[in-house]
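A.B. asks: Protein chains in written order, with the working numbering: chain A, 1 to 448; chain B, 449 to 743.
Keep in mind that the hints were calculated from the coordinates and are not lab data.
Where hints are given, some of them may not hold.
For lysine-lysine, the following BS3-like pairs were computed, each having C-alpha atoms within a straight-line distance of at most 27 Å [unchecked claim]: (1) A:Lys373 - A:Lys305; (2) A:Lys7 - B:Lys706; (3) A:Lys424 - B:Lys706; (4) A:Lys305 - A:Lys345; (5) B:Lys707 - A:Lys4; (6) A:Lys424 - A:Lys98; (7) A:Lys282 - A:Lys373; (8) A:Lys36 - A:Lys305.
Output of the computed footprint for chain A on chain B, the stretches with three or more beta carbons under 8 Å from beta carbons of chain A [claimed, not checked]: (9) 650-660; (10) 676-686; (11) 689-695.
Each pair of labels, with its calculated beta carbon distance range [claimed, not checked]: (12) B:Glu670 - A:Asn44: 29 to 37 Å; (13) A:Trp40 - B:Gly726: 16 to 24 Å; (14) A:Ala394 - B:Phe457: 40 to 48 Å; (15) A:Met397 - B:Ala454: 28 to 36 Å; (16) B:Gly726 - A:Val398: 26 to 34 Å; (17) A:Leu226 - B:Met544: 19 to 27 Å; (18) B:Ala454 - A:Phe105: 46 to 54 Å.
Backbone N, C-alpha and C define an ideal beta-carbon position, used for all residues, glycine too.
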Amino acid sequence: MGKKTLKSLSSLPLAIGELLVIAGFSALGTVIEQNKSFAWYVENYPTENKSLGFIDFPLILDLGLDHIYTTWYFLGLLGLLGASLTACTVTRQWPVWKVSAKWKFLDRRATLLAMEEAESVPRARLSDFSDLLADRGYQVFIKGKKMYAFKGLIGRLAPIGVHAALLFTLGGAAYSGLGGLSGSVMVPDGSSFEIASGLTRGSLLSSMPGIAKSSVQVNDFTIDYLPNGQVSQFYSDLSVVDPNGKEMSRKTISVNVPLRAGGVTMYQTDWALSSMQVTVAKPGADGETETENTYVLPMASLEGKGGFQGRIWGTFLPLSFDDDQRRGISLVARDFQSVAIYDSKGAFAGVRRPESKKPIVVDGIKLMLGDVKGSTGLELKTDPGVPLVYAGFAGLMVTSFLSLLSHSQIWAIQEETAIVVGGKTNRAKEEFRTELDEVLNSVPEYVD
Amino acid sequence: MYVGNASLFGLLAARWIESGHFPLSNMYESLLFLAWGITAVHLVVTERDGFSESAIPGALAGPTAALTVAGATLALPAELQRATALVPALKSNWLMMHVSVMMLSYATLLVGSLSCVSYLVVDASQDWAAAKGALEKLDKMVSNDGERVRNRPKVSVAADGETVAVETMNASEDYGGELAIEATRDGERILTEMDNLAYRCLGAGFTLLTAGLVSGAVWANEAWGSYWSWDPKETWALITWLVYATYLHSRLVAGWSKKDSCAVGAAGFLVVWVCYVGVNLWGVGLHSYGWFANK
């Protein structure tokens, strides 16, 4: 029973079928948008007017096509592939390796001449031939009038390594999925958050790392711009602070440069505007002396609201905090570089750079923009599977390159004055033919 | 082919100096790089021992490279052709490693798939005399009069292992000379050559693709915190990987003919293009920089 299962699992057509089915489902997942809201699928795949005549939202949601890469059948397929890999390695690759590692001399002329590459070279000596082969990196064995030479044996072993490395990668990925935690936070410049609050997604098996009770302080968040206004890089200066308030580590992270602490990795992934400082000067009761007030106004994202396209934030300054607070000035910004100001009727009043100290008068109020503060968007993650996955990756890199090596074997016998040569290889057949041709061409000829 | 290769290299080098970063940041540059890669792989492959005898792969690889350049120059809007600055996520040494390995693997896989197409074309033309003649003519265009020069007897062996015919030549007189055995480069020989060429190319391309996927995964893990996120580009690269894995394994299945394997390999040609251009046309996911983010 066990053997039979093993045998059917290691069947190549089955494995090929698995590869193609996984490829098909993967492709499907790129055609149907993944992980959208229920309403999104209802809107885009209505029951009337079905896409291709049969795809509508109940079908998509029932089959789990909205999160195809985490459905039980997709994961099952990957598991099945892993099982096939194991079975194939045990029942096929290993025996093949054992056979090729065991070599023997051949002495029947007919056997040699029946090989893929076969030649009979008159007036030649076996010792010349074997020296030439040794020069080209072959391992040569001679016993009397028989010779055996091979190279690239590792090319036979490497595919086993490829399969093993793939198993490591799949296993590591499974461990990551079951034992990992992740989450994202948006933290205003100057504030802090507890690490545990950023690790919100995980399975029942995942456990909080010891550092989860510590918190992270955002000391500074800045954006570098290119001369043309494009964002060049984001930087967050972070401190990890333990529950007693002691700083454990401090690092400025950016995209591509994360912070690692106690098994938790923090990545710079996003940013937002969080608040704007505004100084308001109003004429006093006597009409001459000004009263100045400075406010910090929180900013909210307006993306997708009221026809706004792209990332944009806004805030609102009431004309008066005493009576009607519905009338006021709107301040809108796309980044830290400029703020557009609209008066209480919604008319465009002007643009100012933050901290430019250049006042603008709107609705009889003199405004001066202060500092615009940002929030840094961090992605937090614990991933216990990474060492396994990386081990698999390293193995894959090495073994897949080694798999390109061709295992070439050459047998030869001395027959009176001639040598009879037979050879075969498993991959580089054309190169092998040429190499053998060249070697045989340079075997010295003995003319009496 | 040499001229095209050299001028594309010159163009890319000039852009590298001008923009100060590796010239692979947008679609135009990467298409040019791909064209360069196709010509380079083709040259390496065909100039190698044993593969220099047929013009058929060149007849497919040449136009593919030319169409790639034409597409890059004519179909892309002018502002996308300019060398631009990199977005933050691409500022990493991994860029050079990941993208160039990916592009090389695409180029190698495309050349390999074209060999599969050649195989299918030659195979299909075997029953059609005119096409067969034309192909064999094409095949001989760069080959030096058929079979390699040999200075030793050619042995033919009958099925029972008995030596039936030995063509003897006076080797000592004509060493390395003009003597060439009458070419027997019939369809069968071309087919074997195409098949071997395809297998070697796709094997190398598959290895490069593996390296590219691994480097991409490691980079993603370092930069974004996840080595695999089912981003469309990643997914299609995986699909490409699976298709070529199918090709490599299909050759081991006893019941499959070489023709079936080659059909899989040829299908890979389309998958590579979907992965490479198609996904960017959708313009979604982490890899959409090349198309939209630089506008």
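A.B. asks: Indicate, hint by hint, whether the structure satisfies it.
C.D. replies: Against the structure, the hints come out as follows:
1. A:Lys373 - A:Lys305: holds (22 Å)
2. A:Lys7 - B:Lys706: With Cα atoms ~25 Å apart, A:Lys7 and B:Lys706 stay inside 27 Å; holds.
3. A:Lys424 - B:Lys706: Holds: A:Lys424 and B:Lys706 sit about 19 Å apart, inside 27 Å.
4. A:Lys305 - A:Lys345: Holds - the C-alpha atoms of A:Lys345 and A:Lys305 are around 19 Å apart, at most 27 Å.
5. B:Lys707 - A:Lys4: Answer violated: B:Lys707 to A:Lys4 is near 31 Å, above 27 Å.
6. A:Lys424 - A:Lys98: Roughly 18 Å between the alpha carbons, so the hint for A:Lys424 and A:Lys98 holds.
7. A:Lys282 - A:Lys373: holds (25 Å)
8. A:Lys36 - A:Lys305: Roughly 19 Å between the alpha carbons, so the hint for A:Lys36 and A:Lys305 holds.
9. 650-660: Contact hint for the region 650-660 of chain B vs chain A: holds, 6 residues under 8 Å.
10. 676-686: holds (count 6)
11. 689-695: holds (count 4)
12. B:Glu670 - A:Asn44: 29 to 37 Å: holds (35 Å)
13. A:Trp40 - B:Gly726: 16 to 24 Å: Cβ of A:Trp40 to Cβ of B:Gly726: about 23 Å, so the range 16 to 24 Å holds.
14. A:Ala394 - B:Phe457: 40 to 48 Å: Violated - the Cβ-Cβ distance for A:Ala394 and B:Phe457, about 32 Å, lies outside 40 to 48 Å.
15. A:Met397 - B:Ala454: 28 to 36 Å: holds (31 Å)
16. B:Gly726 - A:Val398: 26 to 34 Å: holds (32 Å)
17. A:Leu226 - B:Met544: 19 to 27 Å: The hinted range 19 to 27 Å holds for A:Leu226 and B:Met544, with Cβ atoms some 20 Å apart.
18. B:Ala454 - A:Phe105: 46 to 54 Å: Once the Cβ atoms are compared, 50 Å apart, the range 46 to 54 Å for A:Phe105 and B:Ala454 holds.
Violation of the numbered hints given earlier is confined to hints 5, 14; the remaining hints are satisfied by the structure.
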